[in-house]
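Chemist: One-letter residues, chain by chain:
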Amino acid sequence: MIRFENVTKRFPDGTEALKDISLVLPTHELTAVIGPSGCGKTTLMKMINKLEKPTAGSIYIDEKPINGMDEVQLRRSIGYVIQRIGLFPHMTISDNVALVPKLLEWPKAKKEERVRELLELVGLDPAIYMDRYPLELSGGQQQRVGVIRALAGDPNIVLMDEPFSALDPISREQLQDELRNLQQTIKKTIVFVTHDMDEALKIADSIILMRDGQVEQTGTPQQLIDNPANEFVRNFIGVERINQKRTFGEKRLMEFLDLFTADWAGDAKKISADSSIEEAFLQLDESDQDYLAVVQDGRIIAYANDRDLLKAALAKETGVLA
Amino acid sequence: MRNFLDTLVSRQDMIISAFLEHIYLSFVAVAIGIAIALPLGIIITRYRRYAEPIIGVTAVFQTIPSLALFGFLVPILGIGSPTALIALIIYALLPILRNTYAGIVGVDGSTIEAGRGMGMTRTQILRQIELPLALPFIMAGIRTATVLTVGIATLATFVGAGGLGDIIYRGLQSYNNSLVLAGALPVAFLAIGFDQILKWIEKRATPKGLKT
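Chains as they are written, first to last, in this note's numbering: chain A, -7 to 314; chain B, 92 to 303.
Hint data in this document are derived by calculation from the structure and do not stem from the laboratory.
Remember, it's a predicted structure, so these values are computed and weren't measured experimentally.
Don't take each hint at face value.
Examples of chain B residues toward chain A, derived with CB under 8 Å [said to hold, decoys possible]:
no.	residue
1	Ser157
2	Ala159
3	Gly208
4	Met211
5	Thr214
6	Ile220
7	Pro223
8	Leu224
9	Pro298
10	Leu301
Cut-off 30 Å, straight-line C-alpha distance, at most; resulting in silico cross-link-like pairs (DSS-like, lysine-lysine) [stated by the list, open to error]:
no.	chain 1	residue 1	chain 2	residue 2
11	B	Lys299	A	Lys102
12	A	Lys94	B	Lys299
13	A	Lys94	A	Lys42
Note that CB positions come from ideal geometry on N, CA and C, so glycine has one too.
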């Protein structure tokens, strides 16, 4: 877990890049930090490996303050992928990937095995690519190497600074998918800086949305879409995207109890209040009754017919309900 | 032509010893020039505020006509090879210094940032990233300096430091064109030879991954 506690960053020219930020980046999750350029997202990320130092406040990794840690040691324990790839053009792919293991003085055999393993992980045949040089690879391949280079020292935390933004759209999509799948296996704590909302919504477990050095909203992609905290968040996500991503059955029935019928005399099939509207429609379809009984903690709390469900779905669509 | 060959044979000893002196002067001057300019070039990449003034000073030295520079140094240092060497070193500084600086500054910032972010120390970044990537530039600087020095070393004769300039000067004084040639041709060959050797080294020094 990475924790920011009242972190402020003021640059020598007086601009405040971060204003009293406190937040938590959970372990084993991919957190996307997003915002318009100049919002402080990169500065925020670079503080984790001490490429930037806070003017005030502290940062903790697993509750240990990083202030006192040696920055070189700290950086070797954290993976780092940069935007413009940053592979060393004069070193082979193998040497590039093995850089951190070399700094950590791993034995040669272990380094080599690690390089092979990682290349295979991203679908690059070690026999072909180990001895190639970065400039002989395509942009997408280069950034795959960039990503595995960050994983080489087996860090718990990986920082990624707009890693895919310099790639063409097709490679970008591919690498996003690959990263998503990779994360299922490696389960690292990933901090992913991006300015691309689609990317964030696609790959992140949770999103931190920033503006002018402040956090506007944090939450899962679904939470941001469902409940944008303010106009800025709504605009940044994009109204179109909100409508698109809000699959209308996603919300729980219990949020729409006001719209349902309080009482009904007939027999009704029971459905949990945790179910989605979509599921309720399906259940109602299968049932030969007009109403469903919405159940919470074993008690029937409301009844819903197809008209009620439609109202709920519409309410959700227009965002009328809080 | 006949005349020229005769001269070569009859003055053989003198020509060879002048040739060796010339190589010695050029070589020592370039070596000391590298020893000064290379570290200095690295240092000014770390303190960029001072880079322009320092390179500027060496550029001013460069603009002093070589004969004049030898002239300035004689009253201070007297005659002899130290004087010649100092003058030659001063000329060798600029190309090496400027190329070292430009080579290191020209290394892509993202590469260095990647190195820093992965936990390389400043020395490791210098030795494993900046210097290898700047090496072709540095070698080109040394090459320029060497060719320049070989040419200017011809003037060392005026401060009594010997070299092939001696032969040329003697030839000029005695209106002996063959003797002038016997001094001038080796200088030209020396310059071309050094240039070719260093060009080869420069190629070898280019990191493999950068060759296309």
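Chemist: Run every hint past the structure and note whether it holds.
Modeler: Here is what the structure says about each hint:
1. For Ser157 of chain B, the interface hint is violated, since its Cβ never comes within 8 Å of a Cβ in chain A; the closest pair sits about 37 Å apart.
2. With 8 Å as the threshold, the beta carbon of Ala159 of chain B stays out of range of chain A, its nearest partner Cβ sitting at about 43 Å, so the hint is violated.
3. The interface hint given for Gly208 of chain B holds, since its Cβ lies 4 Å from the closest Cβ of chain A, which is under the 8 Å cut-off.
4. With a least beta-carbon distance of about 7 Å to chain A, the hint placing Met211 of chain B at the interface is held under the 8 Å criterion.
5. Hint status for Thr214 of chain B: violated, given a least beta-carbon distance of 11 Å to chain A, over 8 Å.
6. For Ile220 of chain B, the interface hint holds, the least distance from its beta-carbon to any beta-carbon of chain A being 6 Å, beneath 8 Å.
7. With a cut of 8 Å, the hint placing Pro223 of chain B at the interface with chain A holds, because the nearest CB-to-CB distance is about 5 Å.
8. Given the 8 Å rule on beta carbons, the hint for Leu224 of chain B holds: about 6 Å separates it from the nearest Cβ of chain A.
9. Interface hint status for Pro298 of chain B: upheld, as the beta-carbon distance to the closest one in chain A is roughly 3 Å, under 8 Å.
10. A distance limit of 8 Å between C-beta atoms decides the matter here; for Leu301 of chain B the minimum to chain A is near 6 Å, and the interface restraint holds.
11. In summary, the hint linking Lys299 of chain B to Lys102 of chain A is supported, as the alpha carbons are separated by about 25 Å, within the 30 Å threshold.
12. Only pairs whose Cα atoms come within 30 Å are accepted, and Lys94 of chain A paired with Lys299 of chain B is accepted, the gap being roughly 20 Å.
13. About 21 Å separates the Cα atoms of Lys94 of chain A and Lys42 of chain A, which keeps this hinted pair within 30 Å; it holds.
The structure does not agree with the numbered hints 1, 2 and 5 stated previously, though it agrees with the rest.
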